[in-house]
Structure formats: structure tokens, C-alpha cells
Amino acid sequence: MKITGAQAVMKSLINEGVDVIFGYPGGAIMPIYDALFDYGKKIRHILVRHEQGASHAAEGYARILGKPGVCFATSGPGATNLVTGITDAMLDSVPIVCITGQVSLSVLGTDAFQETDIVGVTTPITKWNYQVTHAEEIPLAIRRAFHIARTGRPGPTLVDITKNAQFDTFEYSYPKDVDLPGYRIPSDPDELKIKKAAELINQAKKPLLLVGHGILISRAEKELLKLAEKAGILVASTLHGLSAFPTGHHLYTGMLGMHGNYAPNLLTNKADVIIAVGMRFDDRVTGRLSDYAKQAKIIHIDIDPAELNKNVKVDVDIVADAQKGIRGLLKYVKKNSHSQWIEEFKKLEKKEYDIVIVPTTHPREGELKMAEIIRILSEKTNGEAVIVADVGQHQMITARYYRFKKPHSFITSGGLGTMGFALPAAMGAKVAAPTREVIAVIGDGSFQMTIQELATIAQEKLPVKIIILNNNFLGMVRQWQQLFFDRRYSFVDLKNPDFIQVAKGFYIPGHKVERREDIETSIDTLLKTEGPYLLEVVVEKEDNVFPMMPTGASVEEMRLE
Amino acid sequence: MKYRYTITIQTENHPGVLYRIADLFLRRKLNIETMLVSGSEKKGISDFTIRLELEESIMVVLSKQLARIVEVINVAYKADDGVKRTHGPSDTAAAIEISAIKKIQLLATSKKGVISLAQGIPSFQTPEYIGQAAKEAIDNHTADKYTQGFGIEPLRREIVKKVERDNGIQAEVDNVIVTHGGIEALMAVFLGLLNIDDEIIILSPDYASHITQTRIARHGGRPVFVALKETTEGWILDPGKIEQAITSNTKAILISNPCNPTGKVYTKKELKDIAKLALNYNLFIITDEMYEYFIYNGHPHVSIGSFPEVKDRVISIFGLSKSYAMTGWRIGYMIAPKDLAHHIFKIHDSLVTCPTAVSQYAALAALQGSKKCIDHFRNEFKRRRQIVVDALKHTDKMNLVLPEGAYYAFLKLNKEVDDNQLALDLIEEAKVAVVPGSAFGLGGAHHVRISFGCEEDVLKEGMRRLVAYVNEKL
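Protein chains in written order, with our numbering: chain A, 86 to 646; chain B, 908 to 1381.
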């Protein structure tokens, strides 16, 4: 039987196991929305308030479940509003599939109403994209979009469908084969290289594991724990690797990078063997490359061959997903322990603990510190919540002080650093993990970038908990202006709205807290309230994030104050 | 260091690919000097040739980023000039591995009480009359000196007769080069035929040394595998798959007939299909027919070199190691088109000067003598094949597509076990050596190869150990 292209879109999505779509209708995607109308029982459509929200929500969903999040948007502004989220997904390797409506083939290229060359626009920021102009192309295009988004190194894909293709009818069948001769997914790692890597690890006196997002994407948390414990290797995590390894574990050294922990950054330049798994030596992690880990033999395992030897020249490069790579190593790595090396770590850890951690997480007087809020939140949730952080000072503080016990518990925008990410991403995360506590930690600046998604949260009754750490500043920029631009505070001062009134307007309850003695009960209220809740915490205006590695500094030049 | 590079990229021919490729240069603000985009001889494939000057370090990363584009099938680049020195082995030597067969064999001989079903050596002695001829050559001092590089004239004449009689190949003496075993013939052919960027399609699973040799010839590059489909009816060739693998860099198709390790014997129809592809795409065919006489299904052996339509593009390789139980004598030979033989000879000359003289006289006697010994070997191997089949009745952990030829059984493990690990475990724990299937290229994983060329009692005991082990452990 013949069906329309729009119906074929829906059938194809069902074939891909899609159960949630984040979207916003408009002229050029109306036939698809009409087809969607009949799928109310099988597919939950969440009507966002801005397409950027749809893309971030799809990211939040995908980060929890590992399967692609799906967005719908119309042509023109609908599609261009997705761009930030698509770019974010590209840089953070998040599988999302965007389906956009497009003007009809007959007017394509004529500057028709709401026409934008979205395939052209998104070419540099998608893993793959495709414009469908005939209904028959739909099943294969969608099959490919999902296959490419979720396999190998995940990423965003986009299928742009002209309106005539949505209306036209054809004999539907869903292809089995994706037929992509140029697309290669790495299979098993090279055994010889694995053996060479294991040999290096077995001989190491000061081994250090640097773990990233790849661990979580390939679901390799258990293997990682085994490897670290068996060979007695200290573990350091990138921002996106957080929660892959339990924060409280005795081999865990903390977070790498610009605002990471003191010890793991310094240890990078002391280790004799570095095993980097599912991470990409981002410049925020390496600092000045010419002084990065020169003393160490480096083993790099990544699924994307283009990442190997890109920023850091390595001794053993292994193309594999993190799970297969670590499983390979486990076969040859011998039981070991490195007590002296761990001692070295403990000394550095103590230094940071005394100078930074204790004073900021347990202040006795003065204004509220961001770190103490996160410390209390971590305690109250027993380290088991899904934490979605936005971008800025509060993000680094959250990453530093929340003590994760479960994997897949930290979602943030790392590569792109997208302000406004957290609120919509938390919606997506909550949809994907309805039984887990999902808490968005957001700065006052970031919150106002996607504030309209409060309406989506209210309409969908999503019990997302929101904490605004309000310093009435664009805090991170202000910190840099203070330290590196001679305190010339150029356009970072915010006159904020009354966030509680705003939330109320969206039918979301909340309250504001300013005093240290009220913090614990406030967080209790946040957690106990059924449904969404907003807690605004007024924090010290000029609180800084330390330690920090200034731009262009080496990992050794980490500043503690 | 900056060089001027020529980058060649093969892509699917879709709208938008140009944009994706150009964007990678744009992002780094690299100015492309010239770019040529053209259709390739293969339908649906485009060839890009891009020239520009850039840092070597960036070129390396850029090429990987280009390869990451979904539509891109292949990326290669070459610098115009520049000197690079390294202290150590060549990249090629460093990149290749010692063959799994030899590794396993070494390991097996270093352990006490291990029975080896790994290496493909026939258990028989070289027939007496052959040794006799060699002794005479020594005593008469006819084998004292270098011979002609192509091999001694009478032997080449005898080979011409033999290939006409047994293989239906019309050859002249000038088509024949006598070599130091089949392996030298193959190496000389690969080196004589392949440029660094040339691709050779290997129908797999295939003899591990072919794979290593082609990698050496291509300076460490990867061979292109087209896997045969393993079915209960046998190993099935899909010519469409070969066609898909053909690119503008493809130079030749390599077949092993009968095949080591699968025992596959190609039908006339399959060989005709291959010949047709070679004609259509202007390719060479290299055929390794070392096991030509050991076919058990009653069908005659068909040599692709006998097809007149591909006469000028087939290089056939034969040898006496297996047919006359002469593995130690090291004599093989090739039949190649004359103008090509001339070039291959230059490589052959550099490798060995000439084949060992005394062995050539032995080989001459072998070919002149009766073929009775070959019939005897074949009947023996057929019996031994049955021993393997009977032994497998006691397990459901492995399946065998009955080998139609050669003397190997390529056993499929019913679980997706790591065959490399299994081969090591078998030596350690079951005291029997087999070759892991992964060594034989695409389609080889989760298999082990055993040779039934060995003595009957050895074979029986080896199979007993293998079956007992897999029954217990898998």
C-alpha cells in the first residue's frame, strides 16, 4: 500500500525505536506533524518553546540513554534555531537526529518564504546530513541518519525534507542495509598494539589513566574500574568523563583541566605512562602543549582515528571504542600496585584540600560560596542524582564538588560551552530517566538564555529541579577580567529579574535563599517537592573558581589561589 | 616542515561532498592551489585530486579528518619532495607481523609433547627417483654453478608440457620462470606488479603469507579483502562483491585455487566471472595453484590461465613442494605473459639470482617421472580428510565446510571466541597446535585451521585433543 512521505517519516522513526520527539511545528513541516497526530500512543512529542531547546533536550535524552535524541523543526528560522544545539552535539559527540521541513522542490533555491539552505549551514557541524526531495528517499535517509548518529564516534545528523516529499506517496519499505561504502566503524583493536600498551603499563612505576566521555559512551565503566584496580593505576577524568569512575574511590585523583583538580594536572607531568581512553586531549585539558607530559610514554585509545596524534604525539595509538580497548588491555595487564605513586598523589591532594577545598566547601562566615551549596547538594542526594550543569563558574564548581557515585550522572556542555544548555538538557534527561532525580545547576546569566523552557517543563509536568547560583554577574568572564584584564569589569554586571516571580508566572513553585543557616532546609524543600521546583541561591558576588590554569600555561603552572 | 602535497580522495558521488571536503580546508584557512574532481571508472564514485602546500603535521591530521567524512572512501597523499631519515627498521618491516602459522609452529616446537596440526607439511618422503637425479647432478658437477636466472632450459620445457597437459595453459618457454618455491614467485610478482598505492583484491579467507607479501609490496599498505560466504554448500563467491571493492587503484585479483585455508575449489563458472571482471576493469589475475592435484570431489582442476580471453593478464603460480612432497627442495614456477615476465624477472634476479641448481635437476626428474606418487598422496589425503570428518562427529562446537581440495580443514567455532587466544590455550592446555583463523584475513575470525597433511596417528590424536578441549571449554 502506498503511503505519504510524512507517514513514512513516522514509520521510519518507529522502526528506529523512537519514543520521544522534541520539536516545534511550522509551515514546511506541517505534513509530518499531521502524520504525527496519529502516533500519540507510540511517540511522546514534547513541544518546546524555542528550537534550540529541542536540540539541547535531545542531547540530554541521548546522554542518558545512549540512543539518539530526535528533534523536529520547520524550515528557515526553525532550522537555524537548531544550529547551536547541533554544534554542541558535534563537539561533545552526542547522537541526535534532526528532521527539518523544507520548502517544496519546485521553489528550492529561489529564496522562497522561510527557505534556508540548512544542509549548507549544517555541513560543518554535522557528522552527516542529507536533503530529501523525493518521498522514496525517506526510509534510507532516516535509516542512515540514525546509524551514523549512534555508531562509531556518535554525533548529530540532519535530514532536511522538502514539503512535496512529505506529501508524495510511494510503496514504503524500511531498508536493512545502510550501504555506506565510505563509513567505517572500527572493529577490534590491533592485538599487537594492545600487547605493546599492556607491556608499557606492566613496566610503569607511575601510571595514570586519563578517562573521558568515551568510557560512558561505550558503557565501559565496569571495565575501567577493573583495569584501574587490577593494575593499581591512578585515574583522572575529563569534564565529560565525570561519573564514569566513582569520585570517592581511593585511586581517583579528580578532574583534569583548566579548573580541574590540582593533583591530576600536576601528575600528568610526573607520570611515566599515561593511558588516555576515550578523550581527545582538548586544549582545556592539556594547557600549553609544548610542556605537556613530555616525560611520559602515552597510550591513546579512541574510536576516532582522526583524534590520535592530533594534539599530542603518542607512543601507542589504538583505534577502538573504550570498552573494547580496555577489555583488550585487561587480558595482558598484570596485577600491580604503586603505593609510592599514590603517596605522591595524596600529598598534592592534601595541598588542594587545605588551601582550596576546605575553605570553599565549609566556610564559617561571609557570603555563601557556590562550592558549599554543591557540597550540601551532593550530601543530600547521596551523590546519586543526575546533575545537569550549564556553562560558567557554577559549572566548574559543580563538576569539582559533586561526588558522583553512579555513571551517566553528569551532563554539561563541554566542547562548545553553550550558555543556556542546562535547562532544556535537564528536560531531556528527565524524560529519559524518569525515576532518577534530575537537578539542573544554572548560573543567573545562563538561565536567561533559555528561560522560556520553563513553560515546556510546566506543560509536560516534568519534575526537574532547578538551582540558580545567582551572583548577579557573568561570573566566569568577570573572574578573567579580574585576574587578566586588570579588574576592568566590562559588561558583566546583570540586573536580574525576580526569578521566583518569573517561575511563578510559569506555574513553577520556588523560593530564594540568602542565609547560610537556611541552605539545608531549602535544598530539602527542593528535593521533597513533587514536580518541578526552582531554588535561587544568592552567592558571593566575586567568588572565584580555583585552582586554575591560565590560558597558555602548562599543567604544572596550576594556580591554587 | 612544509611540503607541497598531492591529495587524492575517492568519494561517493553525491551533491554536497565537495562542500564537506572544501570546508575542512576552509576551517584551517588553507588555500587550495588546484583541485580536480572527476568521475571514476566505477559508477557512483568521484575522484578528487587536490594540490596545496602545508605543514606535514597538519597533512597527517587533515587526511584522517578527510577520511572521517561519511562519503569519503579513500584518502591518500604524497609530498612532492623532501628528505626524511629514521633510525630503525623500515616502516613496512615494523608494521608487518611474523605469520601466525610460524609463530604457532615455533611455540608448538618449544613445548614438550605438543602435536602440531599447524604447518602444512605433507608427511611423505620425496620419491626416491627424484633424490637419485639430484645425487647424479651433484656427482656429475652439473649443479655446481649458477644456472640461468629463469631456470634450466630442459626444466622450463618440461614445465611448458606439464601446464599444457594438466592445466590447459598454452605457454612457451619464455613464459616460464622457475623460482625458489611458490613464495618467491609470489613475492616477485607482487613487487613486479604493485605500486605503493595500488590495491590488490584478495579473496579471503586466504593464505596468510599472501597478505603479508602484498603489504610488503605496497610498503605496508593494506590489502583489500573480499570475503567468500561460508554456507553449508561451500564457500560461495559473489562477483558483485568483488566489483564493489574495485577502485581506480585496483591492479589485480588474487586467488588461491584450491584454497589454503578453506579447501575451496573454484568452479569454472566462478573463474569465468572473475575473468570477466578482470577484462572489464583491466586487471591482472594472480592465481596460486599450489594444491592443484589435491582435489577430492572428482571434478577436474580448472586453471584460470587456460581461458584464452585473459591469457595476457593471468600469472599462474605452481610448485613441487606439495605435489611431489618436496617442501625442502624449494622449487616453484610461474607462467606469466611475456612482456610482464621480463619485468618480474628483474625482481626475481635481485631476490635469488637463480633457483638452487641441484633442486632444479631434482624437479626436472620429478616432472619427467610418473605421476603415480601424486595419486598416492591424493588418496592418502582423502582418507585423512575422512579422519577429520569422523572426529568432528563427536562435537557440536565446531562446523566444517567440507574442503574440496588442499589438505586443510577450516573449522568454524560455533561461538564467537577469540581464535588467537584459543590457539594459545590449545597449545598450553590441550597440547595441540592449530592456526588461528584471523591470520587468514577477512572472514577468518572465529575459525581455526588444521592441516591433515600429517601422519594418520598424529592426526587422530591431534583431533582427539582438539575435540575434547572444545567440548569441555567452549
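There may be inaccurate statements among the hints.
As the list claims (entries may be wrong) - Per label pair, the in silico range of CB-to-CB distance:
1. B/Glu1004 x A/Lys491: 52 to 60 Å
2. B/Lys936 x A/Glu627: 37 to 45 Å
3. A/Glu642 x B/Asp998: 32 to 40 Å
4. A/Ala638 x B/Leu1381: 53 to 61 Å
The set of hints was computed from the structure by calculation and includes no laboratory data.
Virtual Cβ for every residue (Gly too), placed ideally from N, Cα, C.
Here is how each hint holds up against the structure:
no., hint, in the structure
1, B/Glu1004 x A/Lys491: 52 to 60 Å, "violated, 42 Å"
2, B/Lys936 x A/Glu627: 37 to 45 Å, "holds, 39 Å"
3, A/Glu642 x B/Asp998: 32 to 40 Å, "holds, 37 Å"
4, A/Ala638 x B/Leu1381: 53 to 61 Å, "holds, 55 Å"
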